[in-house]
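Model the full structure from these sequences, guided by the hints.
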Amino acid sequence: KNEVEQSPQNLTAQEGEFITINCSYSVGISALHWLQQHPGGGIVSLFMLSSGKKKHGRLIATINIQEKHSSLHITASHPRDSAVYICAVARAGNKLVFGAGTILRVKS
Amino acid sequence: DVKVTQSSRYLVKRTGEKVFLECVQDMDHENMFWYRQDPGLGLRLIYFSYDVKMKEKGDIPEGYSVSREKKERFSLILESASTNQTSMYLCASSTSGGARDYGYTFGSGTRLTVV
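As given, the protein sequences belong to chains A and B, one line each in that order.
Numbers given in my numbering equal positions in the first sequence, counted from 1, plus 62.
Numbers given in my numbering equal positions in the second sequence, counted from 1, plus 3.
The hints are simulated quantities; they were obtained by calculation from the structure and are not laboratory data.
Since we're looking at a predicted model, the values are computed, not measured.
Misleading hints may appear alongside valid ones.
[Said to hold, decoys possible] If you want the footprint, here are the derived chain B segments under chain A, 3+ residues with CB under 8 angstroms:
#, segment
1, 48–54
2, 106–115
[As the list claims (entries may be wrong)] Distance condition first, Cα-Cα at most 30 angstroms in a straight line; then the derived BS3-like pairs of lysine-lysine:
#, chain 1, residue 1, chain 2, residue 2
3, A, Lys157, B, Lys56
4, B, Lys74, A, Lys157
5, A, Lys157, B, Lys21
All C-beta atoms, glycine included, are put in the ideal place defined by N, C-alpha and C.
Right under this line is the structure:
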């Protein structure tokens, strides 16, 4: 079993829909990151969480430390949100362990 | 803004060549990392460094070495490139503050093809 599990693997949505991507982890962590990767592009850090909830524009990230679970929500989705979204947990020494990623496609 | 710059976006090398991938960050971060990304396997840690001249093996160090002579620069070396090292290589840097300060920044990646 992978230390970091993401679901779904693939997600297709219509423009305007509310989107949720889930991440579960099985190890102790110091922080959890949500990352975004566009095709052929580098990786951009969206959020770093150690507790609670963070919001940036249309993106919301939550984490439940007791349940070892985090969610990334996108409100009013747009085709430009199409990307791979990756959950990563920070272990000792700030080394990241990554989920497999969720491929999101938003259709107009 | 923190910037992590990788010297090449695309690279094609021959089997057996010694390959250098360079990474430079401009925010005085203590920690630097090299990851590779492969379809179906995700991102995996090759090597990391917490300080100048310091290096530690990650999960898949075989066939690689690193050099950190200056704080801002972290180089990944493929001693003798092989076709199974064809991959996307990503450099990253982070602060070494407390658990609430582990900001992470990635470079744009180097897509290496070994022929």
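Status of the hints after comparison with the structure:
1. With a threshold of 8 angstroms between beta carbons, the proposed coverage of the segment 48–54 of chain B by chain A holds, since 3 of its residues qualify and at least three are required.
2. Evaluation of the coverage hint for the segment 106–115 of chain B: fulfilled, as 7 residues show C-beta separations to chain A shorter than 8 angstroms, against a requirement of three.
3. The suggested pairing of lysine 157 of chain A with lysine 56 of chain B holds, with an alpha-carbon distance near 18 angstroms, which does not exceed 30 angstroms.
4. With a C-alpha separation of about 18 angstroms, the suggested pairing of lysine 74 of chain B with lysine 157 of chain A holds against the 30 angstroms cut-off.
5. Simply put, lysine 157 of chain A and lysine 21 of chain B have alpha-carbon atoms about 27 angstroms apart, close enough for the 30 angstroms limit, and the pair holds.
The earlier numbered hints are all upheld by this structure, with none contradicted.
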